[in-house]
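**Q** Given next are the chains, with one letter for each unit.
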Amino acid sequence: MSLLSLKDVTIRFGGLTAVDTVNLEVQQGEILALIGPNGAGKSTVFNLITSIYQPTEGAISFDGKPLVGIPTHKIADMGITRTFQTIRLFSELSVLDNVKIGAHCRGKAGLLQALTRLPGMKREEKELEEKAIVALEFLDLATKKEEMAKNLSYGEQRRLEIARALVSKPKILLLDEPAAGMNPQEKVVLMEMIRRIRDTGITIFLVEHDMKLVMNISERIAVLDYGKKIAEGNPLEVRSNKAVIEAYLGSGQFKSRRIRR
Amino acid sequence: MKKLLNNWIVQVLLFLSILGLTAFGAQIVNDLMPPYILMICLFIGINLIMALGLNLITGVTGQLTLGHAAFMSIGAYASAIATVNYDIPFLLGVLIGGLAAGLVGIIIGFPTLRLTGDYLAIATLGFAEIVRVQFTNMKITNGAIGFLGIEGSTTFPIVITIAVTVVFAMVWLENSRNGRAMLAVREDEVASSAVGINTTLYKIQAFAIGAFCAGVGGALFAHTTTFIQPTDFGFLKSIDILSIVVLGGLGSIPGTIIGAIVLTAAPEILRPLSNYRMMVYGLLLVVIMIFRPYGLLGGVNIRHAVRRAIMWPKKKQPGRGE
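Quick note, the sequences are listed as chains A and B, same order. Count the first sequence with the working numbering and you get residues 33 to 293, in order. Count the second sequence with the working numbering and you get residues 734 to 1055, in order.
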């Protein structure tokens, strides 16, 4: 059974159909990439999965449970975490705090515990800190834990975002253009890291523009164009798919008479 | 020794003894100081309690509100009505004032906290005006004439003890799972909900606690001046409290303490300037904001600063210069 499945998912913003009857299955333990030209609706798919948008039609289910209608903040608790296309860190907070906040859904302490500081709360806090440090070590950021997030370099900020998403031990990690703005060396490191994350048993679903990275790392690729899924398969199949080439490079013919003029 | 300090009961006892010492010290100050200076100190304490509440809402959770005086007035009137009309003991009255304000904070929080930034500021401003006009037209508050005959039960030790308690509570809160979630809401709402933070819940929590503090401050205020009227709690009062928080440094508890001291004492220290007093006061605000745009202690992490000061002679900061 697939871990995450989208069935006929459609979302319309007014007259614009951003995602059009998309069917997609993410299998447990795989690395799946979603690609497509700019504005194809890739990030919208992520926003639909994390309940930031609600689909106009269709159903999304995760681990057998329906996701539609569940508030965004409960999604992380179910085991879906994500990073963002534009880095969204808590920039005025320390690196360690950023990761600790990432584990928010694994904690229980509320207002009462904060003010009474009973031993249970301290134990939880300690566990949380240990988890955070493990996640930071995994992404090679442990030496920077006291620094403010905004003072990290770009590549480090990207990694910190992944650490924040990983600390709560999700079942699936959604990476929205993780390599954007990275130099070739950083990309190699990133690929290595994504593989290592997958090896810990976390399913990876990523959106990416960098074809070299996508072809290298993913086991399966789905292609979106104008909100529709036009192809799906392993990298080789997708690379030679006619519809995909057309979407990226054009067919050499005008699709509509009106444009010709 | 360290193990002993980690024991919860020891910590509670330690906290209580700190409170006791504070009260005792404040009592000595109370006996020694001339009434005029004592009054200034008392108002510093009251302003501090209210400003810490606003700091939680605006500084920590990042929700700009311009209606803090409304919560103060609710606390003031609720406690005054409780102690005068129903003969409830003073401290219980203060608690009632705080709870009333906190409750209104929750009720108001639900609709208004959907708004962000400037829009929230305007909504809270409107709410504050509604509250003020309501108090002006209510019979039980004696309308625009003002509420008379409140007993002057507020003393310096009580105010300082409450203020110290609030400071401790705020520090604990900020260093807990709850406080971190509030900080995350300030930094980025979308990212916080993506990691599982219920942003609405934490905003309302911050609003309720902030309003509670304002209510307690208002109750203490009412029992200091013994006479309150709706105009005491106008827009300017909200701005006064907000400027304490901004001048001290948004989100910084030590900053808020310093801000409360500076901004409460400044108008009194400047009194010899008579007519130019408020002008110089305004100038002071402008100058501070020019030289410290993030507030006096804004962006200063006290814990790190202290640690660095201690570690300085020993070794360089770790992780650098490899």
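Since the hints were made in silico from the structure, they are not lab data. Each hint should be verified, as a subset may be incorrect.
What the hints assert, rightly or not - Computed list of lysine-lysine pairs in DSS-like fashion (alpha-carbon distance at most 27 Å, straight line):
#	chain 1	residue 1	chain 2	residue 2
1	B	K736	A	K163
2	A	K219	A	K176
3	A	K201	A	K182
4	A	K97	A	K39
5	A	K176	A	K154
6	B	K872	A	K140
7	A	K201	A	K274
8	A	K163	A	K176
9	A	K158	A	K176
10	A	K97	A	K154
11	B	K736	A	K158
12	A	K154	B	K736
**Q** Each hint should be assessed against the structure and marked as holding or not.
**A** Results of checking the hints against the structure:
Of the supplied pair hints, the one linking K736(B) and K163(A) holds, its CA atoms being roughly 23 Å apart against a limit of 27 Å. Straight-line distance between C-alpha atoms of K219(A) and K176(A) comes to about 20 Å, which keeps the hinted pair within the 27 Å bound. Of the pairs offered as hints, the one joining K201(A) and K182(A) holds, with about 24 Å between alpha carbons and a cut-off of 27 Å not exceeded. At roughly 13 Å between alpha-carbon atoms, K97(A) and K39(A) fall within 27 Å of each other, so this suggested pair holds.
Pair hint K176(A) plus K154(A) holds up; C-alpha atoms about 24 Å apart against a cutoff of 27 Å. Between K872(B) and K140(A), the direct Cα distance comes to roughly 46 Å. Violation of the 27 Å bound is thereby established for this hinted pair. A distance of roughly 39 Å separates the Cα atoms of K201(A) and K274(A); the hinted pair therefore is violated under the 27 Å criterion. With a CA separation close to 16 Å, the supplied pair K163(A) and K176(A) stays within the 27 Å bound.
Only pairs whose Cα atoms come within 27 Å are accepted, and K158(A) paired with K176(A) is accepted, the gap being roughly 19 Å. With a C-alpha separation of about 34 Å, the suggested pairing of K97(A) with K154(A) is violated against the 27 Å cut-off. Distance restraint check for K736(B) and K158(A): the Cα-Cα separation of roughly 15 Å lies within the 27 Å cut-off, and the hinted pair is therefore satisfied. Between K154(A) and K736(B) the alpha-carbon distance is near 14 Å, which keeps this suggested pair within the 27 Å criterion.
Violated hints, listed in ascending order, are 6, 7 and 10; each of the other numbered hints is respected by the structure.
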